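S.K.: Okay, here's what each chain looks like letter by letter:
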Amino acid sequence: MSDTSKTVKSDPATTGKVTDGEGVVEEQDTVAPADDPTAAPVTVVDPRLLVREEGLKGYVTEFKRKVKGGELGSLPVVIGLIVIWTIFQFQNDRFLSADNLSQISYFLSATGMLAIGLVFVLLLGEIDLSVGSVSGLASTLFAVLAVNQGVSAWLALALAVLTGIAIGALHGWFFAKVGVPAFVVTLAGFLGWNGVMLWLLGDSGTINIPSDEGPVRLLGQSSFFMDQAIIGAYILAGLAVTLSLVGNFGEQRRRRAAGVPFRPTSEILLRVGALALASFAAAAVLNNASGVSNALVIFLAALVIVDFVLRRTTYGRQVFAVGGGIEAARRAGINVPMVRITVFAISGGFAAVGGMFFAGQTASATLSAGGGNTLMLAIAAAVIGGTSLFGGRGSVWSALLGMLVIQSIQTGLNLLNMNTSIQYMITGAVLLGAVVIDSVSRKSQKAAGRA
Amino acid sequence: MVHVSATPVLALRGVSKRFGAVQALTDVDLEVHAGEVVALVGDNGAGKSTLVKTIAGVHPIDDGVIEWQGNPVKINKPHDAQGLGVATVYQDLALCDNLDVVGNLYLGRELLHRGVIDEVTMEKNSRELLSTLSIRIPSVRIPIASLSGGQRQVVAIARALIGDPKLVILDEPTAALGVEQTAQVLDLVERLRERDLAVILISHNMADVKAVADTVAVLRLGKNNGSFPVKDTSHEEIIAAITGATDNAVTRRAERRTTEAAK
Ligand SMILES: Nc1ncnc2c1ncn2[C@@H]1O[C@H](COP(=O)(O)OP(=O)(O)OP(=O)(O)O)[C@@H](O)[C@H]1O
Ligand SMILES: [Mg+2]
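The listed protein sequences derive, respectively, from chains A and B. Read in order, the letters of the first sequence correspond to residues 0 to 450 in numbering that gives the first Met the number 0. Read in order, the letters of the second sequence correspond to residues 0 to 262 in numbering that gives the first Met the number 0.
Next comes chain A alone, as it looks inside the complex:
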């Protein structure tokens, strides 16, 4: 989804026409030879550029070249997911059952929310180690306000999220204005906010939140989109497909009108077809269980909105620019400290929202909220999904893809009754694997002149 890079590449061994990544032959600039400006313009075709052949074969060769050039995109995740699902299915044939897949889809949304915020931070090439603690603090704050103080649940939710945003902005301020490395600021936050949470919980240790109303009910395990109506899931899938169709063809029309390369209809149909297949299959599976959980719907909506912000708005462009070159961003008039502070604020905000999701899962605020490996899993999700640790490259969809992997592993291991020690070891290994892939693909991107 984030693949804004197009596919023309220099390769001394090949000759041909030029195409751009969207599969359209780009007309070449016509240039008069430099020594004789009056000469008739000749079409300049740089013989070192690669062509994409027409048709299916073109896709295959281009795909191979992308992989060689280190532009792996979501390929490793998809392969990883298939491998993981196959292994678990062989170990326990309940793994791919509708109920279990529905469980995975519900539980991935909480950590997924944290991962969305982390994608922003990673795009800057920074890290936020405090998201786990902030999520725990937010859920505790919510419980204290809503249960102990009797504040209305939605107001408590708003206050908890605002607190998360403020905490993130504070981290960002120390990083952007004072110049403390983000790693250290957020490490301090990791410890400090966890301390605040423990202090708030005091001696009681756990606050139970009534789960029959308000946000906690909405985010709970038994709250489903359109009250489990079969049509609900299909409406969502249809919405996704329609939006994608309208968007793609609208873009094609505008591009054609402006005379710039556009995506051919066959490619659009292929892409939308794949999306339709995936989303309707998912809808059918979830309907087989009990429907689409509201937590998942909110998570998906957040992904769509954030993806739009990152790719289509000036602010998103600024985030990418700061991640790709601070000096260039500064000279272009981008307010770098502002971008940094807001990105950390966004990360804090999503951490707080994630905390509310955790509260919805357990209907309580506990001493262990946001602790353990929450932070690790969120970082792992973003990186496994394909967002680079080195900044400037990535997409929020990696939060979804990465969480699918992580949650599958967790649920699968639970199903096999593996104990926590094994879970930690396996998750650690997967994170390491993702980072290795990220580093290696960055290296080969450098070799291919793309980093």
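Honestly, I wouldn't trust all of these hints.
Claimed, not checked - Coverage of chain B stretches by chain A, computed from C-beta distances (three or more under 8 Å per stretch; other residues unrestricted):
#: 1; region: 108–114
#: 2; region: 117–128
#: 3; region: 229–237
Stated by the list, open to error - Anything over 10 Å on all C-beta distances counts as not near chain A; from chain B, calculated:
#: 4; residue: ALA10
#: 5; residue: ALA20
#: 6; residue: ASP42
#: 7; residue: GLY44
#: 8; residue: SER48
#: 9; residue: HIS58
#: 10; residue: PRO59
#: 11; residue: GLN68
#: 12; residue: PRO71
#: 13; residue: GLN81
#: 14; residue: GLY102
#: 15; residue: ALA174
#: 16; residue: MET205
#: 17; residue: LYS209
As the list claims (entries may be wrong) - Under 10 Å between C-beta atoms, here's a sample of chain A residues computed to sit facing chain B:
#: 18; residue: GLY149
#: 19; residue: PRO180
#: 20; residue: ARG253
#: 21; residue: ARG310
#: 22; residue: GLY315
#: 23; residue: ARG316
#: 24; residue: PHE319
#: 25; residue: ALA328
By construction, these hints were calculated from the structure, which means they are not laboratory data. What you are looking at is a predicted structure, and each value in this text was computed from that prediction instead of being measured. Positions of the beta carbon are idealized from the N, C-alpha and C atoms, including for glycine.
Use these hints to put chain B with the ligands onto chain A, whose structure you have.
M.R.: Positioned in the frame of chain A, the structure of chain B with the ligands alone reads:
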């Protein structure tokens, strides 16, 4: 040939700038007209970059007057200069490697269509701009990281032109380039002149200066040391002005030759 308009686009009158104990510029005068390429030359530390930075608003001047199209103006921050129509290409290009050519050209001034980045119009305009400048780039949608040094340089110059400037300042644009790429950039400078822009070109390379400039302004130790029309000034005269006419490495060397010849 140059048709020089009466009022200069930019005129510096008695500009001085000091950094602590260093008097970087003393009473410097400079004029640039539309459709004119002024080469700014001088030895290392002569104050060329400092002069350019005062025009670009990086360092405000201490003394003197900057006139823009005949009117005195204050340039205190880069934004002021951009507002007037000054575009500066610094030697360290500073492009975002992860963004594509269009993204870099429009960075910081993206076109919007109902509040959303208008990629289509930006791409269309970029292609038009690059082709009127005869810039050859594989595609406007590849990331900057995959371009060569020369291609990056022309993208950086093209970027300066997006905001429709009246004055373009190039700080050593050919310093790091090969023969072919240098020729490309010099072609581009000529095309800027054809579009009636005023150009200030800093270069240490006399061949480049003689090839494209109309006027050579020499700085020496932060002061004006002559301004010459390129076509009737010899290489040696310019060198003499750069190094200090009476006694310098170049004249000493010439003298040594003649005395050796006399023996
Ligand atoms: N920010 C600064 N602070 C203090 N002194 C400075 C600063 N910038 C430049 N100078 C001084 O001003 C003088 C002129 O420097 P400047 O960079 O303008 O030279 P230049 O002509 O561009 O040289 P070069 O050909 O090496 O690029 C030098 O003595 C330099 O040390
Ligand atoms: Mg300099």
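S.K.: Which of the listed hints are broken here?
M.R.: 3, 13, 14, 18 and 19
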